[in-house]
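Participant: In order, the protein sequence lines correspond to chains A and B.
First residue of the first sequence: 1, per this note's numbering; consecutive thereafter.
First residue of the second sequence: 1, per this note's numbering; consecutive thereafter.
Mixed in with the good hints there might be a few duds.
Only pairs whose alpha carbons sit at most 30 Å apart, straight line, appear in this in silico DSS-like list of lysine-lysine [as the list claims (entries may be wrong)]:
| # | chain 1 | residue 1 | chain 2 | residue 2 |
| --- | --- | --- | --- | --- |
| 1 | B | Lys5 | B | Lys138 |
| 2 | B | Lys192 | B | Lys61 |
| 3 | A | Lys37 | B | Lys67 |
| 4 | B | Lys88 | A | Lys37 |
| 5 | B | Lys88 | B | Lys138 |
| 6 | B | Lys138 | B | Lys67 |
To give an idea of the chain B side of the interface with chain A (calculated C-beta under 8 Å), a few residues [stated by the list, open to error]:
| # | residue |
| --- | --- |
| 7 | Asp79 |
| 8 | Pro80 |
| 9 | Thr87 |
| 10 | Leu110 |
| 11 | Tyr117 |
To be clear about the criterion: a stretch of chain A counts as covered by chain B if any three or more of its residues have a C-beta under 8 Å from a C-beta of chain B, and this derived list gives those stretches [as the list claims (entries may be wrong)]:
| # | region |
| --- | --- |
| 12 | 14-20 |
| 13 | 43-51 |
Simulated from the structure, these hints should not be mistaken for laboratory data.
As the structure is a prediction and not an experimental result, all values here were calculated from the model.
Positions of the beta carbon are idealized from the N, C-alpha and C atoms, including for glycine.
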Amino acid sequence: MVERTVRIGSTHGLHARPAKLFTQAAAASGAAVTIQKAGGAPVNAASILAVIAQGIDHGDDVTIVVDGGDESAVLDQLVELLSTDHDE
Amino acid sequence: MMEIKGTGIGQGVAVGPVVRMAEALPEPVDRPSHLDPEREGERARASLSVVAAELANRGAKAGGAAKDVLEAQAMMAEDPSLIDEVTKLLATGKTAERAVYESFAAYRDLLAGMGGYMGERAADLDDISQRVIAHLLKLPAPGVPNPGHPFVLVARDLAPADTATLDLDQVLGLVTVDGGPTSHTAILAREKSIVAIVGATDAASLADGDTVVVACR
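Next comes chain A alone, as it looks inside the complex (with noise of 0.2 Å):
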């Protein structure tokens, strides 16, 4: 089980297109991956509605933790995917 925590860089937050490609990448990367809003509870990262639902905005800080597969290559992914403006 690896963890780490990124800072949101979408201008509009873990929204629309964002909180889409976040969740196909992790739904398809066959881990079990959650996503914890500083002060909330993780919840599952393969649930567009669950990440939605955290109401995480830009700048915000989120610990992604991934179990199973190839752990850290997952982990680097979905950080650098939380990091990028796809909002640009």
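Starting from the known structure of chain A, arrange chain B on it as the hints suggest.
Facilitator: Chain B alone, transformed into the frame defined by chain A:
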């Protein structure tokens, strides 16, 4: 002659017969299922996955901004958290129709309470819910009708899945009773250069076959 006003999108004039889009399905009755939860679960998962595939398909055909919206909707139809919720409700003896309705409604209320962008996604969830329930009931999916001749589409409001697949050769214009200049209908009407009037409250009185002039200026 009667005049109905709303917010015009784009510029132009379209003339043609009205075809109305089917109204929403009634709320599924909350009665105990005569099937066991496993069987209801199979029904629910099958319909959710058919609707997800349809939405993804429509997205692939539509391309552009509509593709992202429809792909996100397809993911919502097969969302693992939603399916967990449906399964939990089925275990209490509800029907698949009712469990799907209640699960989408719970997320709809949650997102609507957040306002802004999330509030708009709330309407998407109502649309997905209707499609899944229609599939469970073996009723025609709500959506753009296909009368086989050019027509002016009159609807309460249009969801992205509807507007994305409008056949320009058949749809002369759009009139919606609800919705404003930033609604999905308006955004996609602009993108596809379809003459549209949104928020035309009195359009609710139009009937199939009425001839209308849709004028935006």
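Participant: In ascending order, which of the hints set out earlier in this document are inconsistent with the structure?
Facilitator: 1 and 9
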